[in-house]
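4 protein chains.
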Amino acid sequence: MSAPKKVVLAYSGGLDTSIILKWLQTEYGCEVVTFTADLGQGEELEPARKKAEMLGIKPENIFIEDVREEFVRDFVFPMFRANALYEGLYLLGTSIARPLISKRLVEIAAETGADAVAHGATGKGNDQVRFELAAYALNPDIKVIAPWREWDLSSRTKLLEFAEQNQIPIAKDKRGEAPFSVDANLLHTSSEGKVLENPADEAPDYVYQRTVNPEDAPDTPEFIEIGFEKGDAVSINGEAMSPATILTQLNEYGRKHGVGRLDLVENRFVGMKSRGVYETPGGTILLEAHRGIEQITLDSGAGHLKDSIMPRYAELIYNGFWYSPEREMLQALIDESQKFVTGTVRVKLYKGSARTVARWSDYSLYSEAHVTFEDDAGAYDQKDAAGFIQLNALRLKLLASRARRHKG
Amino acid sequence: MSAPKKVVLAYSGGLDTSIILKWLQTEYGCEVVTFTADLGQGEELEPARKKAEMLGIKPENIFIEDVREEFVRDFVFPMFRANALYEGLYLLGTSIARPLISKRLVEIAAETGADAVAHGATGKGNDQVRFELAAYALNPDIKVIAPWREWDLSSRTKLLEFAEQNQIPIAKDKRGEAPFSVDANLLHTSSEGKVLENPADEAPDYVYQRTVNPEDAPDTPEFIEIGFEKGDAVSINGEAMSPATILTQLNEYGRKHGVGRLDLVENRFVGMKSRGVYETPGGTILLEAHRGIEQITLDSGAGHLKDSIMPRYAELIYNGFWYSPEREMLQALIDESQKFVTGTVRVKLYKGSARTVARWSDYSLYSEAHVTFEDDAGAYDQKDAAGFIQLNALRLKLLASRARRHKG
Amino acid sequence: MSAPKKVVLAYSGGLDTSIILKWLQTEYGCEVVTFTADLGQGEELEPARKKAEMLGIKPENIFIEDVREEFVRDFVFPMFRANALYEGLYLLGTSIARPLISKRLVEIAAETGADAVAHGATGKGNDQVRFELAAYALNPDIKVIAPWREWDLSSRTKLLEFAEQNQIPIAKDKRGEAPFSVDANLLHTSSEGKVLENPADEAPDYVYQRTVNPEDAPDTPEFIEIGFEKGDAVSINGEAMSPATILTQLNEYGRKHGVGRLDLVENRFVGMKSRGVYETPGGTILLEAHRGIEQITLDSGAGHLKDSIMPRYAELIYNGFWYSPEREMLQALIDESQKFVTGTVRVKLYKGSARTVARWSDYSLYSEAHVTFEDDAGAYDQKDAAGFIQLNALRLKLLASRARRHKG
Amino acid sequence: MSAPKKVVLAYSGGLDTSIILKWLQTEYGCEVVTFTADLGQGEELEPARKKAEMLGIKPENIFIEDVREEFVRDFVFPMFRANALYEGLYLLGTSIARPLISKRLVEIAAETGADAVAHGATGKGNDQVRFELAAYALNPDIKVIAPWREWDLSSRTKLLEFAEQNQIPIAKDKRGEAPFSVDANLLHTSSEGKVLENPADEAPDYVYQRTVNPEDAPDTPEFIEIGFEKGDAVSINGEAMSPATILTQLNEYGRKHGVGRLDLVENRFVGMKSRGVYETPGGTILLEAHRGIEQITLDSGAGHLKDSIMPRYAELIYNGFWYSPEREMLQALIDESQKFVTGTVRVKLYKGSARTVARWSDYSLYSEAHVTFEDDAGAYDQKDAAGFIQLNALRLKLLASRARRHKG
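Protein chains in written order, with this note's numbering: chain A, 724 to 1131; chain B, 724 to 1131; chain C, 724 to 1131; chain D, 724 to 1131.
Source of the hints: derived by calculation from the structure; they are not laboratory data. Just to be clear, a hint being listed does not mean it is correct.
The list treats identical chains as one, so a pair stands whether inside a single copy or across any two.
[Stated by the list, open to error] Restricting the straight-line Cα-Cα distance to at most 25 Å, the calculated cross-link-like pairs of lysine to aspartate or glutamate (DMTMM-like) are:
no., residue 1, residue 2
1, K897, E766
2, K1120, D1085
3, K826, E793
4, K1062, D850
5, K881, E1097
6, K917, D1104
Let's have the full structure, built from the sequences with the hints guiding it.
Next comes the structure, spelled out in structure tokens:
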């Protein structure tokens, strides 16, 4: 790979990406463009602008954007249509944000004439893979620089030295090492590393930042009603809202009731197991409610097919293949199933849990006429069941006859 | 089907199966053998003996058995190795009990020279399918009688008339109609019908019989440690126990903390949607803990394969295909994966939820040496990730080049 | 089911469906509408009109249609995009024609005010299921009459008696029983029953009607070039043609070279095994060529996903679920994959086989630059493979370490 | 990676691996052990011994073994139980041989105290992955040396120079470059590269080495009968034979009749497409016959499950994951299905094709009593089909009602 001339950096404004910014300038002598996105991580973005300016980035090379609506509308919601869970439990909060960042990096590179993009993910994690696969899928000729895989700033001490040598301001609380590493966006906050590294040790309370402890949550349950249209949430308690607003509100409900905590040991794409603590307050409610509305509006053939491909879909997103033909094919399948997933679900929030307690829809396939224990007025002829069973049993009988024949 | 001469009836001792007993005698003039199983449903069995005797069943034709250990060891535990959930949520508590009952019915038929078996399931539900497929799979020549599909006792009034005409005692509280229908065994209690028939109405509190309301559960969390060997639970808090004892104890923990309630609209095999309220206190804890121990002892390739076939496995059990070659093939696959699923999980129980908070094992695949944020002493070369990404990206780049080529 | 007033009958003009026509009139006293379709079965349709008239059908109740283009365009081609094979070998020639016939029956019922449709399939086969599931999926209130499951004309003798009593002319060669049963359309001819019933006996030569015996095929191979656009065949040897024309031509090529014979024992949806002899001359060539063009235009992720869902897709069609949400979902997935499946394949036809020998496309993903044994000018860095392997190996090493640890 | 001290080399005795041998000695100054296996590639092994000795290998460090029986029994046959085809067409002849070679390399390393193994696969292909994943899965601490990824002998000229400088004899016909690259074993011969690199060019005749051109095959078909026990071939024409003998004989039948040629563009695990010409004469017959015997002895539920996991199983083998938990899990599933796959198949060989024409078995599930067009004496009640269809249709009717409701 020839040296990059102009690099678009995914820039948070924090110490680490500021060091990367400087390192790119000094190591490659290249022009740096910064991209700072508001994905709902809950941090001010303007300080990032000031810091970038201070580090010598030209104003026209500083891109700061609020991408929350796009994030929820085009990434989070399509994923939730699938009820996606990685390894049965993880709501993919980090995974789903990476493709959007890469997409904007590549687009800004095209706008600014940059030939490279850079990110601050390490060489051990999944994020490097997600950033880079997305970037290459969108621009096959882009260069991707992953400083953590290249430089020799392998200890905290060296990083701080580099910062000092390069006049990068170090916030007081960044002198010591953080007790764990955090990623946050509108969908979730993840924590990993350091104090969490031994999966036999319970996660300390201070790791949780996004939700109250269920023990401290209100003693009274709260009920909310989530409206859906074609598989996407569109309202809360009857009030229509934009995608990002809905997720923001659900986050607040979830936070208050301690919903969405997960302590997980998962399998990284790069081959090792890792332990993470996830808080996905709104997403956990959303998954529950989406399943609730599907229960009455989705046909069993459709639902079982969706369930059967879900693990693969989740794995693709986890592994960084959002921009791949197979993810798009699965999305086409999933979206096709959601045409009538429209209606309302009532969810009960209480002390860490979110449970569907009622659901209704104009598009319901639930037929009280068929299922009733009362007289069904001929909707269903119980005698049909005899034939149904006989034909389903036929092959089993033939197997049993063979088994008997060959026993003695 | 020629008329049966001797029928083994799955007999609970309750009103409905007593009516069936009598109906079989009068309709077919056949000898009846009763089989009453203790599956952990929490009812005395001896009254069933007395009632059977009173209805004219010869003592040698009355079979009363405690099958709880067999139920948990040979049915529940194998299923839990798969983390089986039907339609994402249902722990299959009713489905998994039916094959065992059918197996004993067929065995007792062989022992007593009976040519038929009978059950009390209706023509609208899944249980008829489960009973009958299992029976035919075990004896292709057995006759199965399903009185609910045959007789004309189509209303509560007619049933009670029949009972009175035939001197079947009717408990006072059975005069009126039950407000919903119940099935129970050591794994779960299910409720459906009547007051539950409208899925838009929240289930009334009195439907729940097996667990305390989470609001009424203790205000302090409780932690338990579940030991596993080869995928099966073998101890609680360090004390080794038999399968049924473990499940019984977990049920008590779950009951106390309000764990395992589920309000679900599901798709029946016979083609309609139905709404059920399930309480699976111990099973819900067991699933959580089993996932917990798999997190550190199961390889990702193995785990992802298991996850991908799980929906099919669960569907087979739900649909009544326990005794089918494909269920046995999937079981072979699952069991093969569990050889090292041995270790201990700590679970926190609180107000309706059960969450893994720690897990450890001599067979752990978790490698702190690899995952650490600290210096890993060369366990993992971050530069390998670059090659890994490049080769995973190659096809995406070729796709992107094609897309660009054909855009203009 | 109340008695039908007006029935649309799938009418071939042959003896069996003429008997059904008369039986419907006499049994139900209902008006009969006939639908006779040209699906490419190779028979004149006008005699069917005359016969219907002779049996008292009003001219406005006689529908005769050439549906060959619709058949290939909307049914055969979508299915071939999936490379669908039932049980690894069967090209689904009968299965794919049934939904189209049902669709027209239901549409004609709506046009003519009929409340029922009728078909001539027996109660043992798959076709009854296919006809009826499709009909119900398109009109939930339609009545379906399947005379073979209802009447008591259970022997050839009784059928002929009924025909004679009702003045239905019996062609001389229909007096005796056919030595096997045949279904034909533009995609295939199937033969089953009678002389074919023992799968240990080789099928007699006279069973094959649609292809020459490979031993009698030309001694010289023939090469044809099939052009594809978005997964569908659009030309032969450079000449653009309509879907039905292409399949007709491919049938002629296949017939001449003895391509597409299959002797199969398959599993029917109704639970039994059956033996069929299939001739699918054009379809066999088409499958081979479609795979050939996919080889260079389809990404591996896309292709492997398609392969993994294909058996389910084929099973759905075989079982009669063409008009089901899950088939449509899978179709959406498949169609999404075909956007660039455009190019040309050269196929060699010789003595019973059709083999791809060359393929090219403007949309090819094949990169000689990457794969070449010669100098690749830096397109691919072989050192990347080391990292790729190391990370893929990581979990296997951790497994091996565990195995070693626990051996001694 | 520290320098290896003693290396076990997969040594063919040919020019390339001789150069590797010398390069290992000179580059690493390490002791070399050679392993030469007879996998049925059809070459004498003793010349390899002489050449190794001449290159300075101590006699006790030269391992020459006939592993054909192990190859077929423990690798080829288990794979054929799955009817494994990669990308619908490829019989995995190269893929399945690599794990066995790696297994012996690792075992010999343990016996001889070697700390490394080496292979002659390039950095662009799949074989490097297969060799190395297998080696690491069997010994997590083994070093693997892949000279083609390390050295700078990047052109034919440099290789020949190195050979001359190191007194490695160069066979006259090896001076020029081979027009394509070959791999062979008892299962197949593959050819790729050079003259085959353009998939739009038909493969020249001289590429095919293992089978006669179908045009030159006998004008008269030949029929053979293959006996199976539990999924494995055990006899030909009634004569019991060992696994390797059977495959050898089937190869001869296939060769003679031009069976098993395949021209394929496939997707390599390392991300690129590649074109190969494969000849798998005996394997092609074996697959056909195995499917033939499964048709009558395998239940549909079992067969459909097998079919659905086959693509994944094949992909695992292709990608080099023979020694992985998931392949072993799938194998357990597959083997479970083969318990009754016992019987005999008659296959017709003619001019490039192998077709099942008859099959019979004591374990057949085919029931003429059920399927017959004649009177079935009550084996099957056609009326059952009505109920079967009604219940399968129920959900489709509910869907259709909804669709109608919302149309207006």
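Hints violated by the structure (listed by number, smallest first): 4
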